[in-house]
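Number of protein chains: 2
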Amino acid sequence: MFKETLASIVNGAEGGIAGLLMDFEGIPVDSYAKPDSGFDVEVVGAEVSVLVKSIQRATEMLEAGSTREVAFHSEKLLTLVRVVNENYFVALTMLPDGNFGKARFLLRTAAPKLLEELV
Amino acid sequence: MFKETLASIVNGAEGGIAGLLMDFEGIPVDSYAKPDSGFDVEVVGAEVSVLVKSIQRATEMLEAGSTREVAFHSEKLLTLVRVVNENYFVALTMLPDGNFGKARFLLRTAAPKLLEELV
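If you read the protein sequences in the order shown, they are chains A and B. Take 1 as the starting number for the first sequence in this note's numbering and just add one per residue. Take 1 as the starting number for the second sequence in this note's numbering and just add one per residue.
Hints listed in this document are in silico derivations from the structure and should not be mistaken for laboratory results.
Repeated chains share a single entry, so a pair holds when one copy, or any two copies, can fit it.
In silico DMTMM-like links for lysine to aspartate or glutamate, alpha-carbon gap of 25 angstroms or less:
{"id": "1", "residue 1": "K76", "residue 2": "E86"}
{"id": "2", "residue 1": "K113", "residue 2": "E75"}
{"id": "3", "residue 1": "K102", "residue 2": "E14"}
Build out the structure end to end from the sequences listed, making use of the hints.
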């Protein structure tokens, strides 16, 4: 069920490459990568979980409330992270010229569905 | 000169609160905060520098090229980071309902100006 939701995000976002549902300990719940993407989505995810955790600490320090979303753009990839709840996040990696706005929308609407299945 | 550029970013972005130019060791070059923002921009910046550094390591691991931009959204703040070169970054903190697209544009166009003055 998770994989279907992840696949619909990856395939729905123009330029989508891979999607991942993971807990903040870095343990993947499920993942989906487009065939032949050559992309090790779980290695990426473990790294992302560390980042999101430190970003959460930073936002707490700032008294800025909880982190909801993190995006990082590099030359070849754009990674978008949506916090599902205090234990899980969902991440989407896409091409930098993909449709960023649509990807954000897809993650935002998928998060409550994923949460329903997680609890 | 740096402060003027930072002020023009903060005041040009709808919802802008504070701007910061900092090196990756966490040492601020200059900063600008809107009066009465109650915002300790240098404390924030030191935390952000650690984050951006780990994100750069992650993108290297992914062979995704250099990190160019990082954004993190929380309940009360949106922080947008633009990497200026291998040593410096510029960050803008704004209200989450501010104009994200305009803020990205302002940071992207300010980065080369800041770089000219840095070298």
